[in-house]
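Take the two lone chains and join them into the complex the hints point to.
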Amino acid sequence: MTDMNAESYVTEDGRTIGGVIMEMKNITLRFGGVTAIQDISFDIREGEIRAIIGPNGAGKSSMLNVISGFYVPQEGEVWFRGRRRAKMRPYQVARQGIARTFQNIALFEGMSVLDNVMTGRLTRMKTGLAAQALWFGRAEREEIEHREKVEKIIDFLEIQAIRKTPVGRLPYGLKKRVELARALAAEPALLLLDEPMAGMNVEEKEDMSRFILDVNDEFGTTICLIEHDMGVVMDLSDRVVVMDYGRKIGDGTPDEVRNNQAVIDAYLGVAHD
Amino acid sequence: MIYREAGDFKTSYREDSQTFPIKLDRRAYWTLMVVAFAVVPFVINDYWANAVLLPFLIYAIAALGLNILTGYAGQVSLGTGGFMAVGAYAAYKLMTAFPDVPILFHVLIAGAITALVGMAFGLPSLRIKGFYLAVATLAAQFFLVWLFNKVPWFFNYSASGMINAPERTMFGAAITGPEASAPARYLFCLILTVALAWIARNLTRGSVGRKWMAIRDMDIAAEIIGVNPLTAKLSAFAVSSFFIGVAGALLFAVYLGAVEVGEAFGIQKSFLILFMIIIGGLGSIFGSFAGAAFMVLMPVLLKNVLVDGFGWATDLAAHFQFMIVGALIIVFLVFEPHGLAQLWRLAKEKLRLWPFPH
Chain A
3 MTDMNAESYV TEDGRTIGGV IMEMKNITLR FGGVTAIQDI SFDIREGEIR
53 AIIGPNGAGK SSMLNVISGF YVPQEGEVWF RGRRRAKMRP YQVARQGIAR
103 TFQNIALFEG MSVLDNVMTG RLTRMKTGLA AQALWFGRAE REEIEHREKV
153 EKIIDFLEIQ AIRKTPVGRL PYGLKKRVEL ARALAAEPAL LLLDEPMAGM
203 NVEEKEDMSR FILDVNDEFG TTICLIEHDM GVVMDLSDRV VVMDYGRKIG
253 DGTPDEVRNN QAVIDAYLGV AHD
Chain B
918 MIYREAGDFK TSYREDSQTF PIKLDRRAYW TLMVVAFAVV PFVINDYWAN
968 AVLLPFLIYA IAALGLNILT GYAGQVSLGT GGFMAVGAYA AYKLMTAFPD
1018 VPILFHVLIA GAITALVGMA FGLPSLRIKG FYLAVATLAA QFFLVWLFNK
1068 VPWFFNYSAS GMINAPERTM FGAAITGPEA SAPARYLFCL ILTVALAWIA
1118 RNLTRGSVGR KWMAIRDMDI AAEIIGVNPL TAKLSAFAVS SFFIGVAGAL
1168 LFAVYLGAVE VGEAFGIQKS FLILFMIIIG GLGSIFGSFA GAAFMVLMPV
1218 LLKNVLVDGF GWATDLAAHF QFMIVGALII VFLVFEPHGL AQLWRLAKEK
1268 LRLWPFPH
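Going down the list, the sequences are from chains A and B. Read in order, the letters of the first sequence correspond to residues 3 to 275 in my numbering. Read in order, the letters of the second sequence correspond to residues 918 to 1275 in my numbering.
Same shape as in the complex, but just chain B (with noise of 0.2 Å):
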């Protein structure tokens, strides 16, 4: 079988606008939603759900948020971990008030909490743009943080400052707390992951992500035909908001369990998403998946190499992941801007053509 698309006619635009053009492609995609929905829940361990699965799908779902305000609307924003601790600290408030709510309803509530907030923090960018508006978002990055260390509501006054969740049920399976098992926090997970993906590709290829494309090309021209720049705005940042929101609920309440909000949502974790997309692919869906994937499988794969391959000490190992890790980023950015998905793109290209190139 050939990677290419001769042969697969299109005879109608609905046929034309999929999302996967190329057979091949739409094969391999089934093939991984069966694996991932009906294999690898069967064989999925701790050691898998913490160090890969769990943090690839979050980190994934809080790449997509940020790419479609960053790479889709063109808004640069720094607060990333801001947005992710309101939808943690949203997540908590809501279990411990209502905790016979199934999880989800916490989690997509604790989404829609992020977006209303993430709006309000979206009003300076009718006014401002690129580095400026950087600098108003890490505003919020730093306000955030800083509201739910001193405000002790937002804690439920626990003496340690930081939040707890609580054994919380989907079906009659835990999800979240210590008895939750690895199985049911993964689907928990990829169910949400793949759904959101879903949401995200159809507002991008509709005329919402057309809105947005318009003003991250050039935002005068997109108001001549008329795009009102504030609803496009705002909409762009209500939606990478409610995506954050929900990222922030699942690392708190599903991965991590117990938080304290600079530590798991401070201004490196803004960075860590940014990074992401970068080196994922701005403006693309399959790049905020490759991101994610990159920045969380590196470290773990560097580990297992130096530590169990090489038998370096763990700290020593730990100093040379952030350093490697580091120049690979650069490497990236020097070799190919555009990141994964371009790369991705080009060797498709070229898969197409094979074995005759010219």
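Chain A extracted, bound-state conformation (with noise of 0.2 Å):
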């Protein structure tokens, strides 16, 4: 049995899984008198699949809100790498290394596939407007730099056949998959992925799983997740936290939370007499 309390440890398919990155501690969020998230504490450490999982309404995807900035809570810290986050914009955030997908995906309806990935070195790049309108030089070179990059994206996510179609033109699946390529673009060092298999078939999930797996293998990447799919969340997550009515009740590995007498309640509903 692997102890994972300690600094980082190994899990038992090979990958290290380092310190806490991210720490929320006693995250109470209010919508005037809702309640959407009430006092909830959990940490993302380096390296991890993290799932969040709950019923409809519980608060997941507040959550995700508040991680990437675009809620404030009214209570509690967000420690992100060390440093607790002041009030921020979501761009800020963006900045320092958090990216995301939705669970209605927010593409850029009117650009090319292409586009739509270049926008996630956005931050990355810094050619000013007169180099730009010049071109020629600096940001020319600028643009292939990261367009190599953006490419072997393209590549690892098997979009290439369709790199200069506009994103309208696509269907349901392959949108989800550009989102992906989008966020992993900005290289991040998080990764928050809101119901990245919803509405999708047995083979698309299967794919996206597969994609999944893939980049916290390949690029290390901290992958944050709401899902479902209860099948999908235990086979993929190293973590589970279980929310239900804006509180957590549990939180553990995939085997732990199972068996865990609360989150069978919540899920399976209990007698009340």
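None of these hints come from the bench; they were simulated from the model. One or more hints might be untrue.
[As the list claims (entries may be wrong)] The list that follows gives simulated cross-link-like pairs (lysine-lysine, DSBU-like), each with its CA atoms no further than 30 Å apart:
{"hint": "1", "chain 1": "A", "residue 1": "K154", "chain 2": "A", "residue 2": "K89"}
{"hint": "2", "chain 1": "B", "residue 1": "K1046", "chain 2": "A", "residue 2": "K177"}
{"hint": "3", "chain 1": "A", "residue 1": "K166", "chain 2": "B", "residue 2": "K1010"}
{"hint": "4", "chain 1": "A", "residue 1": "K89", "chain 2": "A", "residue 2": "K27"}
{"hint": "5", "chain 1": "A", "residue 1": "K154", "chain 2": "B", "residue 2": "K1046"}
[Claimed, not checked] Where chain A lies over chain B, by a calculated footprint (3+ residues, C-beta under 8 Å):
{"hint": "6", "region": "930 to 941"}
{"hint": "7", "region": "1142 to 1151"}
Yeah, the Cβ is synthetic: ideal placement off N, Cα and C, and Gly gets one too.
In structure tokens, the structure reads:
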């Protein structure tokens, strides 16, 4: 049995899990009178695949939105890479190295696949307006440099054939993959996936699972995902947080969570007497 | 020679992202450039310059400017006429204050001043969008026209309230004023148009352009991936207003020569430019030129056909001209909402498969 409390450890399939990269401390988020998240603490360790699960309305997406800076919690602290996050706009969070995908795809429909994936590198492109107006020289060099990186990701996710296609014309499954490509292009330290397999058939789910595992394995990217398909979550993730009605009811390895009575009650319902 | 990319292999990312990926297009472009620079100046006369070429070139710059703001960055503006007025009055003040400076500097600085004004009026775009932003920019339109009418300093206290372009030169040739020759005015406008179109293309294909388009397509997602909406929107307003300011300066100084602000830069000018980019194609450099050509050439063509061809009275022809252009705009929007640029794109797709479409 591996000691999961150690500074770093190696999983059964040979991946190294490092120290804590992100820590949520006593997060409470309210919308007016509704408490979406109540006093939740958990951490995400470097290199792991961390899942957040829970029934509908449990507050999972709100949690992801807190991590990506979209919502600012009323109470609690968000620590990322050993620093407490001050109040931040979402684009500043992105520049710190957190990328995400959305539950209902948020791609730029009017742009080609290539341009969409290139937007993932915007935080790293530094040429100013004047140099870009002249193009030849610095702007073109930078463009080509980033294009090479992006082409590697396009290869990796097997979307070469559609790189010049406008995103609006693509089917749902491919759009999900392009969105993942855009998030990966940012070379994030932490990748947030909001229901990456929602609305997919079994084959597409298998493809997506393989990509998620490959991303984690090859780039060593830390991944935090929300997913409803229990089979997928239990197979993919190293550790799972279970939420219900805005509270944390379970946290641990898939096996621990599966046998947790509170989790079973939340999912299967419990007789009230 | 057949129009297609087969056999024209791209072996580097640089070649893959060039402006005209098909060889025939590249040749057509360079041929057009040679004709425009080396042939037209020798055959141009005053009629062609005043009726066709100068308005086409100048409106193309304005359409490029508005297309950057509306077509690429998705911020609707009805203040184009007002911003053109800023460019015109800035150029006028500069021309009268510094008579010895070449006219090119006056025009470019007028563009820069317009960029600053445009950024100031673009500030509301950070909070409002769509129709509400259109109304806010409409306020800019009316305010600016009112300002140039009411404050005599802007028209140097002239009795008529109009501004007249004095003679200014570039490399010894008069560009403005009554003595300016058709080839000199044409070449001056052509150089600016080509240079600005090239800049527009460069900006829209790189990271700045992607920021603008990301904001246009989905502003929330753009912010999540790291685009600062403040700088993206304001840079779009600045670049767009620079183009529009240059167009306004040229329209006043090189083309019209004398201007009354409400008449030359009223709300109808804002709509004219907006029609150009809608008919030409939003988010397309080619579309800006096509739209400008359509709106400038169609009235001239109709006038020639109706007055000279059918022998109608001029005033009757003028009324019919309005009706026909209006009807054409509606027909266009019904059949091809994405404009001339999309028609052109479809024609090219067809041409690539010709003569075996299956």
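Hint-by-hint comparison with the structure:
no.	hint	in the structure
1	A/K154 <-> A/K89	violated, 35 Å
2	B/K1046 <-> A/K177	holds, 27 Å
3	A/K166 <-> B/K1010	violated, 48 Å
4	A/K89 <-> A/K27	holds, 15 Å
5	A/K154 <-> B/K1046	violated, 37 Å
6	930 to 941	holds (count 3)
7	1142 to 1151	holds (count 5)
Checked against the numbered hints given earlier, this structure breaks hints 1, 3 and 5; the rest are met.
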